[in-house]
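Here are the chains, one letter per residue:
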Amino acid sequence: MLEHAYLRAWAEVNDLAKALDSSEFGRVCQCLLALGFKEIGYRVSHFQYVGRPDFIIERSNEGYSVEVKAPLGNKVIIKPEDLLGIEGLGHNPIVAALTYPELATRWLIIAAARLTPRKYSKSELTRFSNSIIEKEVSNAFGKVLVKFKERAVTRTSILRELLED
Amino acid sequence: MGKTSTLTAIEWCLFGDIAYLVHLEGRTRDELVNQFAAGGMANVVLHLSDGSTTYEISRRKKIGSIRTDFKIVGPDKEYQGDEADQKLFQIFKVTIDDFIRATYLHQESIKGLLVEETASRDEALDRLFGLERIRNVVESVPIRKIKENVGDLEQKKASLSRKIEGAVEQCQLDLNRLQAKAGDLGIPQGEVTIDLAFKISESIVRSLESLASEYSLQPATIALPSDILQIDSFERKLKQVLRDYETSMIGTGKITELNSSKAQLEGVIRRYQENLKESASNDTRINELVAKYGSSEEITSQLDELDKRIQSCEIQRNQIDVSSRLVEDAIALLQTASGENCPVCGHPIDPRRILRELEEKARRRIRQEIITLDNERLDLQRRKRELDDVMTIASRLFDRRKAITEVGRNILEEASKMLGQPISSDQDLSDAVRERLSEIEVQINEFNLAYAKRAAAFDNIRLDLEKVGVIGEVLKKEDDFAQISSHFKAESDEIKQLAAAIAELVALEQQLSSIVRVAGQIQVGLASDMIHVSQRDIESNYKRMCNHQAYDGLKIEVRPRDVRGLVKNSYSIRAYSSKLGKETFVSTRFSAGQMNSVALSICFSLTRVLPLRLGFLILDDPSQSLDREHKEALTEILKEVSGEKQLTIATQDEELLKLIQSASVPVEIFEFTSWDTEGPRIEER
Numbered sequence: 001m002l003e004h005a006y007l008r009a010w011a012e013v014n015d016l017a018k019a020l021d022s023s024e025f026g027r028v029c030q031c032l033l034a035l036g037f038k039e040i041g042y043r044v045s046h047f048q049y050v051g052r053p054d055f056i057i058e059r060s061n062e063g064y065s066v067e068v069k070a071p072l073g074n075k076v077i078i079k080p081e082d083l084l085g086i087e088g089l090g091h092n093p094i095v096a097a098l099t100y101p102e103l104a105t106r107w108l109i110i111a112a113a114r115l116t117p118r119k120y121s122k123s124e125l126t127r128f129s130n131s132i133i134e135k136e137v138s139n140a141f142g143k144v145l146v147k148f149k150e151r152a153v154t155r156t157s158i159l160r161e162l163l164e165d
Numbered sequence: 001m002g003k004t005s006t007l008t009a010i011e012w013c014l015f016g017d018i019a020y021l022v023h024l025e026g027r028t029r030d031e032l033v034n035q036f037a038a039g040g041m042a043n044v045v046l047h048l049s050d051g052s053t054t055y056e057i058s059r060r061k062k063i064g065s066i067r068t069d070f071k072i073v074g075p076d077k078e079y080q081g082d083e084a085d086q087k088l089f090q091i092f093k094v095t096i097d098d099f100i101r102a103t104y105l106h107q108e109s110i111k112g113l114l115v116e117e118t119a120s121r122d123e124a125l126d127r128l129f130g131l132e133r134i135r136n137v138v139e140s141v142p143i144r145k146i147k148e149n150v151g152d153l154e155q156k157k158a159s160l161s162r163k164i165e166g167a168v169e170q171c172q173l174d175l176n177r178l179q180a181k182a183g184d185l186g187i188p189q190g191e192v193t194i195d196l197a198f199k200i201s202e203s204i205v206r207s208l209e210s211l212a213s214e215y216s217l218q219p220a221t222i223a224l225p226s227d228i229l230q231i232d233s234f235e236r237k238l239k240q241v242l243r244d245y246e247t248s249m250i251g252t253g254k255i256t257e258l259n260s261s262k263a264q265l266e267g268v269i270r271r272y273q274e275n276l277k278e279s280a281s282n283d284t285r286i287n288e289l290v291a292k293y294g295s296s297e298e299i300t301s302q303l304d305e306l307d308k309r310i311q312s313c314e315i316q317r318n319q320i321d322v323s324s325r326l327v328e329d330a331i332a333l334l335q336t337a338s339g340e341n342c343p344v345c346g347h348p349i350d351p352r353r354i355l356r357e358l359e360e361k362a363r364r365r366i367r368q369e370i371i372t373l374d375n376e377r378l379d380l381q382r383r384k385r386e387l388d389d390v391m392t393i394a395s396r397l398f399d400r401r402k403a404i405t406e407v408g409r410n411i412l413e414e415a416s417k418m419l420g421q422p423i424s425s426d427q428d429l430s431d432a433v434r435e436r437l438s439e440i441e442v443q444i445n446e447f448n449l450a451y452a453k454r455a456a457a458f459d460n461i462r463l464d465l466e467k468v469g470v471i472g473e474v475l476k477k478e479d480d481f482a483q484i485s486s487h488f489k490a491e492s493d494e495i496k497q498l499a500a501a502i503a504e505l506v507a508l509e510q511q512l513s514s515i516v517r518v519a520g521q522i523q524v525g526l527a528s529d530m531i532h533v534s535q536r537d538i539e540s541n542y543k544r545m546c547n548h549q550a551y552d553g554l555k556i557e558v559r560p561r562d563v564r565g566l567v568k569n570s571y572s573i574r575a576y577s578s579k580l581g582k583e584t585f586v587s588t589r590f591s592a593g594q595m596n597s598v599a600l601s602i603c604f605s606l607t608r609v610l611p612l613r614l615g616f617l618i619l620d621d622p623s624q625s626l627d628r629e630h631k632e633a634l635t636e637i638l639k640e641v642s643g644e645k646q647l648t649i650a651t652q653d654e655e656l657l658k659l660i661q662s663a664s665v666p667v668e669i670f671e672f673t674s675w676d677t678e679g680p681r682i683e684e685r
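One line per chain: the protein sequences are A and B, in this order. All letters in the first sequence, in the order written, are residues 1 to 165 by this note's numbering. All letters in the second sequence, in the order written, are residues 1 to 685 by this note's numbering.
Source of the hints: derived by calculation from the structure; they are not laboratory data. C-beta atoms are modelled at their ideal positions from N, C-alpha and C, and glycine is treated no differently. Please note: incorrect hints may appear among the correct ones.
No farther apart than 27 Å at their CA atoms in a straight line, the calculated lysine-lysine pairs in the DSS-like style are these [unchecked claim]: (1) B:Lys237 with B:Lys199; (2) B:Lys163 with A:Lys135; (3) A:Lys149 with B:Lys361; (4) A:Lys75 with B:Lys476; (5) A:Lys143 with B:Lys163; (6) A:Lys18 with B:Lys163; (7) A:Lys18 with B:Lys93; (8) B:Lys496 with A:Lys147; (9) B:Lys489 with A:Lys143; (10) A:Lys143 with B:Lys361; (11) B:Lys555 with A:Lys147; (12) B:Lys163 with A:Lys122; (13) A:Lys18 with B:Lys496; (14) B:Lys71 with B:Lys93; (15) B:Lys156 with A:Lys18; (16) B:Lys181 with A:Lys75; (17) B:Lys145 with A:Lys135; (18) A:Lys18 with B:Lys157; (19) B:Lys145 with B:Lys496; (20) A:Lys149 with B:Lys156; (21) B:Lys156 with A:Lys147; (22) B:Lys77 with B:Lys87; (23) A:Lys143 with B:Lys156; (24) B:Lys237 with A:Lys122; (25) B:Lys157 with A:Lys143; (26) A:Lys38 with A:Lys135; (27) A:Lys149 with A:Lys122; (28) B:Lys645 with B:Lys93.
If the Cβ cut is set under 8 Å, some of the chain B residues that face chain A in the computed set are [claimed, not checked]: (29) Lys163; (30) Gly166; (31) Ala167; (32) Cys171; (33) Asp479; (34) Asp480; (35) Gln483; (36) Ser485; (37) His487.
With the rest of the complex left out, here is chain A:
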């Protein structure tokens, strides 16, 4: 059934998608996802808009190097460099894919080892996702969206500053 939190996230992300161009949308979503991880206790130890990994997060004795995929369409293209760029860094390499425009908007969290370089449909990716982290971070993402969406639309640079706080 359609989860309330995910539908609320859809409404907020939909506003972002309408207000921003696709590349800006990707950057904002990347930042909001990092803030979502921060919300649930991860430390964002590395963050960049250009290059790979997109960010690295650590909590207790677990750590992930993350490649973020937030295209506006229904397909996600995984390139060889996407996977290579997050491997061998001493953290678990994961790909985070945003399911928007699906109404149940959430982040799929997929171990890079489960993917090969090719084009995936977002619905196809759902079966690879780690449902526990997916739920945890997606709920946090919803809260972060409500908190920071307006600022994300008017002044995207502020999100980056929030990460550094």
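Since chain A is already given, all that's left is putting chain B on it; use the hints.
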């Protein structure tokens, strides 16, 4: 200097406020108090008399204090504070606004009528007509603010509606896509039901069972879905079973083996045929050599013969060399001999002649023989080399023939092993391979048929599974669709509240608009009445005061003007020529003096027609910008008014004073005699 301040003191004494000095800061009105006076106190005393009764009216105020002490001392009683205010109203029956309008012809009133800026002039005329209260009421109606609020609320409501509509739209898009997919799979739109999904699921399970039975596969236990939520899991499990079945039953080893055997046999045939072809080509070259040079024995014999002939040539050459040396020796001898006899025959000889002949003959013959022999030898050697080359090539060709034969033998051996039967000839090979390939083709066809049958069974199950999946997705999406409004309940409630608030504000705006409209009509009506009543008097005053050569008449018109939703009076003061039928706005064509005359004409008329009349009129510097001619006209009017009212004129215009005095108007003159820290001293002249 100080004229206006003195008149202002009168106004403040009577009403405790000053109408035109709106720029005064703060509520204490400390600007009224002389900062240099000891005690910092403002104190004004007026004596008001109607001929029989005299009142002393006084007001005091200390600097820094809002409060003023107002007192009226009458013939029989003293009044203070509120009582004094009430008494003053009893005496005057005017408010400060009426006083300003009808009694105190303030410089600001006149200035207001003269400005070019329409809004200021309209305000000044409204004040003169006593309409500023209505104007203030109209201006204080917050229609614009309400409209802005309505706009803000509408925007907020639209934003919330868009949120819901966006979700509905996206859901509809997804639903349309899924329904189209269901249609592509042959499910009509009306039949996308959970019952159909259950029915197809049962059919899938039955097909799977028969598949397992037919191909002796491990039967799979799969629970049928009992609601939409179980469809996903049913689909996932079934796909896994299908994958397992495929792996176990449709082994590709056999077909791979057959195809491999076929390819190997075809390869053997191809290699054998290529070998035969190469053999034929080799033999052709051998035959060509034999045809041209003979057999190898014949070539060997030719080579032996050539060797012998070359040897013979060399012997002959050696012999020539011996003869040649003899001749050379003889010539050498002859060269040393002189006049001797021949050693052979003993006859005397002529050595020189003999020597010449010998040299000639011997050298010619020997050279010829050597050349002939050398040429022959060279030719023989060339032929020998050619035959040597032919022998080398022939040897290689024979070696190649042996190798080709060996390869052919090996291929036949390989084929024997592959076919499991002895193969000793081309024919054997060709027959055996053809037979085997035919058998393999039959097996491949059989396999393909079986494979197609199995694949069709799997495809049918997969297609049905896809149908179940799509039905599940459509039904889930329909469920999402139904849930959207409940998910957005907070927004829906807010939209309802906003709609109600907007409706209330719109109704309020309409009501206020009605009030404003009516107030506007009243304003215009009152102003029109006032103008109508005073128009003749204004025109009469104008003609006397201004005496304009071209424009002999003056008219004031009023019409309503919409200013951002508020209705305000808009006045036009125009002078016209009754003879030429032309007219002009006085503010744009008249000089300052002429405009001052126009303003005074209007003000004097209004003091007459306004219902509230006091026995005095205060004029603040009325002759500003007037030339002598206009001052004379003003004097005439002042003389006329002085018959009705006491006139108090603040002026420094001595010319006007003389004109008034010469017009036999009784005048009492007070003047500023000195200034000190207590302020100006005013004494009767």
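Index of numbered hints that the structure contradicts, given in increasing order: 3, 7, 10, 11, 17 and 36
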